[in-house]
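Colleague: Each chain sits in its own coordinate frame; assemble them with the hints.
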Amino acid sequence: MKRYDLIVIGAGPAGLSAAIEGAKAGMRTALFDENEKPGGQLFKQIHKFFGSKEHKAKIRGINIGGELLKEAETAGVEVHLSSTVIGIYPEKCISVNRGDHIENYRAEAIIVATGAAERMIPFKGWDLPGVLGAGAAQTMMNLHGVMPGNKIVMMGTGNVGLVVSFQLLQAGCQVEALIDAAPRVGGYGVHAAKVARTGVPFYLSHTIVEAKGTDHVESVVIGQVDEKFRIIPGTEKEMEADTVCVAVGLNPMSQLVRMTGCEMKEVGGLVPACDEYGATSIPGIFAAGDVSGIEEASSAMIEGHITGLAAAKYAGWIEEDTFKTQVEERTASLEKLRQGMFAPQNKGKKIEKTDEGLPVSASLLERGYMDANEMETYPGVVKKEGVHPVIECSQNIPCDPCQEACPFGCIKVGERITDLPAVTEDSVCKNCGACVAACPGQAIFLVNEDEDGTYGTVTLPYEFLPLPQAGDRGKGLDRSGRPVCDAEVVKVQDTNAFDKTAVLTMRVPREYAMTARFFKKEV
Amino acid sequence: MRIAKHPILGEYEKGRKVKFYFDGKEMEGYEDEPIAAALRAAGVTTHRHTRRNGRPRGIFCAIGRCTDCVMVVDGEINVRTCITPLKEGMRVQTQYGLSAKEGTEE
Ligand SMILES: Cc1cc2nc3c(=O)[nH]c(=O)nc-3n(C[C@H](O)[C@H](O)[C@H](O)COP(=O)(O)OP(=O)(O)OC[C@H]3O[C@@H](n4cnc5c(N)ncnc54)[C@H](O)[C@@H]3O)c2cc1C
Ligand code: FES
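Quick mapping for you: the protein sequence lines, in order, are chains A and B. Heads up, the first sequence is in our numbering, so the first residue is 1 and it goes up one at a time. Heads up, the second sequence is in our numbering, so the first residue is 1001 and it goes up one at a time.
Just chain B, with the same shape it has in the complex (with noise of 0.2 angstroms):
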């Protein structure tokens, strides 16, 4: 969920639309935004599974300390998708524990 128009900030400053993958679907976004926003705009809110009890884990602190929010991205784990910014053509995985295959976690 976007905001189409804010009160105080207007129209928000967004890069070029682009293509990205989360787990093989298509979806769009705005380049450089942070993938996490992307994900959310598009309805994605869980981004990892635990290790040990497989939870799911989203979003918790938007700012890159937490690592609530890591991916699998472009085959590399463990990136911090709040604070990585989204390019055309990205593959972006759900990560179960430390790999992008589910039922590896345990």
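If we strip away everything but chain A, and leave its shape as in the complex, we get (with noise of 0.2 angstroms):
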């Protein structure tokens, strides 16, 4: 039997980020994953992060894995594809299906960071094909550059439901709605405002009541529920599509280290009871990632290194004092991560006000995007002369990019990453476009009101293919993506900066540059 000092099954940002702690504290460190290419999600996430800029915000998710992976290189890892892990046992050892062959290996210490699996919700046709997982589509389009489908019904309205419809949108598909069950939008606010902006309707407390097609999806059947989730009847409606996307939540992948016979609870799916480092009750056998409870990348990053220093400390690789002075500066970092409405224990709760006291957005949370007598409520949102940045960012999720991308000192965001971005007030606008092109949540545009009487201009972030020229004319369309004025592009910026978010303005009639935050060229 194959001896390590550190075993690490699951290379996602977790197993890596742990894998690498492991072998800079100079232990024989092995990685496995089930995959032919490590990375876990990350390589399927090509939006920029939030965060701040210590949790790698502002990069791309595939960027990051890219990083990752020449970090655990360097640090001299053993990584194993193509290697599912199919047992593990108390006394430290594993059992690896190596696809024609089974082999064992022992170490010192075994970190799991399984991630998680998609969950499914069975409905009339579910089985049929065109059905398919958020994480499937993601994987077709992002890995292997086949669009999942034409015309696509996302169920959920989750981060990744959100995400991964925009993700859509950027491959060409049409994403015809976004279907949840529950009354108010899941995940960011600017995640689904930057989808809604499209044109794509919301329908919250909606179900799939069918999914109809022979050997494939043709169509979809969706109905209204009451507040127990029964359909209403006389509510369904049916709308043309071949594909169905079911994005409604993660379960733990647990399996695999509740072998080890270690203590589990039940929090959001079954996960293995750890201490603050990620030790499980089996001295020596440690989880850490969405395997213990479902979270996302940054924070299972930081995990990750929490945990390799656990595992190092156990087996006797660093001294305490190292160990403690490394891992309060990591809990430090994970703490930000986990504040504002969305942290871990606010999960399911119903809030109503932001951290500053000001209403949450009504319409964000039914409809997918702000209503535009709403937006002075926030503090990013101020009427000035000249161009000015307009922030419409009304939740408190951890992220910051946007103060640090402004060099003339126009915004900014509280003492805590979870706080609103606000626009300074004696600041000067230079029209750059660096906010625009930085925020993860593509929510803010820079403003000119009146430009000379008759026209205002808005620069708006774009990521979408064929990127429109300067001159090219269209309508602007407004939060809900519904057009309300003649448009024309005036300026595209398309610098390797701004990371392939192209920076767009556009010239609209002045009274409608506080409504329209989109352009869709005239065919």
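There's no promise every hint is true.
As the list claims (entries may be wrong) - Straight-line Cα separation of at most 27 angstroms, DSSO-like style, residue types lysine-lysine; simulated pairs:
{"id": "1", "chain 1": "B", "residue 1": "1101", "chain 2": "B", "residue 2": "1087"}
{"id": "2", "chain 1": "A", "residue 1": "24", "chain 2": "A", "residue 2": "336"}
{"id": "3", "chain 1": "B", "residue 1": "1101", "chain 2": "A", "residue 2": "37"}
{"id": "4", "chain 1": "B", "residue 1": "1025", "chain 2": "A", "residue 2": "37"}
{"id": "5", "chain 1": "A", "residue 1": "475", "chain 2": "B", "residue 2": "1014"}
{"id": "6", "chain 1": "A", "residue 1": "237", "chain 2": "A", "residue 2": "124"}
{"id": "7", "chain 1": "A", "residue 1": "336", "chain 2": "A", "residue 2": "349"}
{"id": "8", "chain 1": "B", "residue 1": "1017", "chain 2": "A", "residue 2": "37"}
{"id": "9", "chain 1": "A", "residue 1": "37", "chain 2": "B", "residue 2": "1014"}
{"id": "10", "chain 1": "A", "residue 1": "24", "chain 2": "A", "residue 2": "2"}
{"id": "11", "chain 1": "A", "residue 1": "70", "chain 2": "B", "residue 2": "1101"}
{"id": "12", "chain 1": "A", "residue 1": "349", "chain 2": "A", "residue 2": "92"}
{"id": "13", "chain 1": "B", "residue 1": "1101", "chain 2": "B", "residue 2": "1014"}
{"id": "14", "chain 1": "A", "residue 1": "24", "chain 2": "A", "residue 2": "53"}
{"id": "15", "chain 1": "A", "residue 1": "412", "chain 2": "A", "residue 2": "500"}
{"id": "16", "chain 1": "B", "residue 1": "1025", "chain 2": "A", "residue 2": "347"}
{"id": "17", "chain 1": "A", "residue 1": "24", "chain 2": "A", "residue 2": "37"}
{"id": "18", "chain 1": "A", "residue 1": "53", "chain 2": "A", "residue 2": "151"}
{"id": "19", "chain 1": "A", "residue 1": "70", "chain 2": "A", "residue 2": "24"}
{"id": "20", "chain 1": "B", "residue 1": "1005", "chain 2": "A", "residue 2": "521"}
{"id": "21", "chain 1": "A", "residue 1": "349", "chain 2": "A", "residue 2": "384"}
{"id": "22", "chain 1": "A", "residue 1": "430", "chain 2": "A", "residue 2": "491"}
{"id": "23", "chain 1": "B", "residue 1": "1025", "chain 2": "A", "residue 2": "500"}
{"id": "24", "chain 1": "B", "residue 1": "1005", "chain 2": "A", "residue 2": "151"}
{"id": "25", "chain 1": "A", "residue 1": "53", "chain 2": "A", "residue 2": "500"}
{"id": "26", "chain 1": "B", "residue 1": "1005", "chain 2": "A", "residue 2": "491"}
{"id": "27", "chain 1": "A", "residue 1": "500", "chain 2": "B", "residue 2": "1014"}
{"id": "28", "chain 1": "A", "residue 1": "124", "chain 2": "A", "residue 2": "228"}
{"id": "29", "chain 1": "A", "residue 1": "336", "chain 2": "A", "residue 2": "53"}
{"id": "30", "chain 1": "B", "residue 1": "1101", "chain 2": "B", "residue 2": "1025"}
{"id": "31", "chain 1": "A", "residue 1": "384", "chain 2": "A", "residue 2": "475"}
{"id": "32", "chain 1": "B", "residue 1": "1025", "chain 2": "A", "residue 2": "520"}
{"id": "33", "chain 1": "A", "residue 1": "70", "chain 2": "A", "residue 2": "2"}
{"id": "34", "chain 1": "A", "residue 1": "383", "chain 2": "A", "residue 2": "430"}
{"id": "35", "chain 1": "A", "residue 1": "70", "chain 2": "A", "residue 2": "500"}
{"id": "36", "chain 1": "B", "residue 1": "1101", "chain 2": "A", "residue 2": "151"}
Said to hold, decoys possible - What follows is a set of in silico ranges between Cβ atoms, one per label pair, in the way DEER data are often shown:
{"id": "37", "chain 1": "A", "residue 1": "258", "chain 2": "B", "residue 2": "1067", "range": "17 to 27 angstroms"}
{"id": "38", "chain 1": "B", "residue 1": "1085", "chain 2": "A", "residue 2": "485", "range": "49 to 59 angstroms"}
{"id": "39", "chain 1": "B", "residue 1": "1067", "chain 2": "A", "residue 2": "87", "range": "50 to 60 angstroms"}
{"id": "40", "chain 1": "A", "residue 1": "383", "chain 2": "B", "residue 2": "1004", "range": "41 to 51 angstroms"}
Calculated directly from the structure, the hints in this document are not laboratory data. Backbone N, C-alpha and C define an ideal beta-carbon position, used for all residues, glycine too.
Modeller: Printed below as a string of structure tokens:
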């Protein structure tokens, strides 16, 4: 039986980070993943991440994955791919299925970072070809370059449903509707808003009654539900679609770690009961990332680092002091992410006010976009002469790249990274577009409400192809995606620093400068 | 339907173009992409029919977990096409129950 000092199972953000810490401490570290390529969920995530600089905010998941891999290689982690771990035993052994044979390994410590699996909700016709997991759709388009379908109905408005809907639009698919049985959008409002403004309707308090078709989805029947989630008769509506994506949550993949006989508990799925450093009840067996509680990639990475350090300390590879100082730093960083409305401790709670005491936009939660007359409630939306940023950020989420992006000090996030960004009073915006491209939520616009008495301009983020060109004419769409005015593109910036978020400026009649938020070319 | 150019990912890195056969029909795909991706791009979505009721099934998880996408590949049944790389000349067949012959699923 081959021996290592540390074995890590799962090469997602948590596993990679844990393995890096182990190897850096001098441990002979092996990392196993069932896939052909490492990275876990990261390589499917092509959007810019939230958080602060220390959490790699503003960097796309796929690039974070690349960085982590390099770091793991440099640290000397041995990565075993196409290797499914099928057994794990309390004496710290594992059995690995390597395709044509099974091998066994032993280590001083084992870290389980197997991530999560998508949940499914059955409905009539759910087994038809064309009904698939949102993660599957993401895999098809972002890893393999194949559109999962043409006309898509997305079920679920959590971050996964919202993010994947946007990615489907980027891949060139049509998203017919977003459906959720809950009365309110579950994910970040900014993720919803960037989908809504392209014209995708949200149906909250709705569910899928049936996917129809003989050997493929041909249409989808949706219906409204009452507060007990029963379909209200007579509200059914049939829409043409060839694909249904299901994004109704994730379950921790804890079956493997459970084989060790460690204590388990129930929090949003069955997870191993761990101490603050990821140690399970079995000495030497640790867990990190989604497997020990669904969160997100940024927190999975920090958890991975902490657990890696804990395993190194357990096996005697680092001193108590080193452990303490390093873990303290990581824990502080993790705490910053676990703040705000979407923090784990607020799960399932109905939040009516922001930390600033402002009312949460009801329209954003019920329709996916903010109502024009709610806008000025928030500190990022001010009226000013000349060009100025309009930050349509109304929820306390851990994110602050906007503040750093502006070289002229126009934007200030408060003390905590979850505070709402504000436009500073006496600052002068130079219309550079840096904040527009930097905002992971695509919620910043540069607006000139009155250019010359007739027209105003709106500068917006644009991540679709074909990229409009200066001189293109079309319509300005409002936040719901409804065409409201004529618009002409006057400038398109697409620099390397903007990392593929093009910054497009359109001229609109001045009375629409605070309404038009997307551009659609005339065809 | 392949994504010709992606606003974030640009052009996709693909292997060389290869021919394969789906239920005897010649088709094209890229070497080492999952068989399921090549089929989806060619418009094929039914991978198998269930043993009991003959219900059609297609890609569901795309990461090798659900077995909805299994087909008969080069004579071998139950091959998960979403994680099996495509090779030149592969023979891919719709799976009926546990075989490649229609009408044998019951
Ligand atoms: C569509 C979508 C969008 C998301 N958007 C964001 C976002 O914007 N920001 C953010 O921070 N987070 C986001 N997340 C969440 C984030 O991806 C996850 O929280 C994160 O990937 C968890 O990391 P992990 O390392 O725990 O698990 P994973 O990334 O899931 O990695 C686990 C790895 O373990 C492997 N594995 C499992 N079992 C075995 C076994 N028995 N043997 C071998 N290998 C095994 C898996 O194949 C996988 O590669 C999103 C997730 C999804 C699905
Ligand atoms: S689609 Fe689930 S195993 Fe292939």
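Colleague: Determine for every hint whether it applies to the structure shown.
Modeller: Here is how each hint holds up against the structure:
no.: 1; hint: B:1101 x B:1087; result: holds, 23 angstroms
no.: 2; hint: A:24 x A:336; result: holds, 25 angstroms
no.: 3; hint: B:1101 x A:37; result: violated, 34 angstroms
no.: 4; hint: B:1025 x A:37; result: violated, 31 angstroms
no.: 5; hint: A:475 x B:1014; result: violated, 37 angstroms
no.: 6; hint: A:237 x A:124; result: holds, 15 angstroms
no.: 7; hint: A:336 x A:349; result: holds, 20 angstroms
no.: 8; hint: B:1017 x A:37; result: holds, 21 angstroms
no.: 9; hint: A:37 x B:1014; result: holds, 15 angstroms
no.: 10; hint: A:24 x A:2; result: holds, 21 angstroms
no.: 11; hint: A:70 x B:1101; result: violated, 48 angstroms
no.: 12; hint: A:349 x A:92; result: violated, 40 angstroms
no.: 13; hint: B:1101 x B:1014; result: violated, 32 angstroms
no.: 14; hint: A:24 x A:53; result: holds, 23 angstroms
no.: 15; hint: A:412 x A:500; result: holds, 25 angstroms
no.: 16; hint: B:1025 x A:347; result: violated, 51 angstroms
no.: 17; hint: A:24 x A:37; result: holds, 22 angstroms
no.: 18; hint: A:53 x A:151; result: violated, 37 angstroms
no.: 19; hint: A:70 x A:24; result: holds, 13 angstroms
no.: 20; hint: B:1005 x A:521; result: holds, 19 angstroms
no.: 21; hint: A:349 x A:384; result: violated, 36 angstroms
no.: 22; hint: A:430 x A:491; result: holds, 15 angstroms
no.: 23; hint: B:1025 x A:500; result: violated, 40 angstroms
no.: 24; hint: B:1005 x A:151; result: holds, 19 angstroms
no.: 25; hint: A:53 x A:500; result: holds, 19 angstroms
no.: 26; hint: B:1005 x A:491; result: holds, 22 angstroms
no.: 27; hint: A:500 x B:1014; result: holds, 22 angstroms
no.: 28; hint: A:124 x A:228; result: holds, 19 angstroms
no.: 29; hint: A:336 x A:53; result: holds, 12 angstroms
no.: 30; hint: B:1101 x B:1025; result: holds, 15 angstroms
no.: 31; hint: A:384 x A:475; result: holds, 25 angstroms
no.: 32; hint: B:1025 x A:520; result: violated, 41 angstroms
no.: 33; hint: A:70 x A:2; result: holds, 25 angstroms
no.: 34; hint: A:383 x A:430; result: holds, 16 angstroms
no.: 35; hint: A:70 x A:500; result: holds, 22 angstroms
no.: 36; hint: B:1101 x A:151; result: violated, 32 angstroms
no.: 37; hint: A:258 x B:1067: 17 to 27 angstroms; result: holds, 22 angstroms
no.: 38; hint: B:1085 x A:485: 49 to 59 angstroms; result: holds, 50 angstroms
no.: 39; hint: B:1067 x A:87: 50 to 60 angstroms; result: violated, 20 angstroms
no.: 40; hint: A:383 x B:1004: 41 to 51 angstroms; result: holds, 43 angstroms
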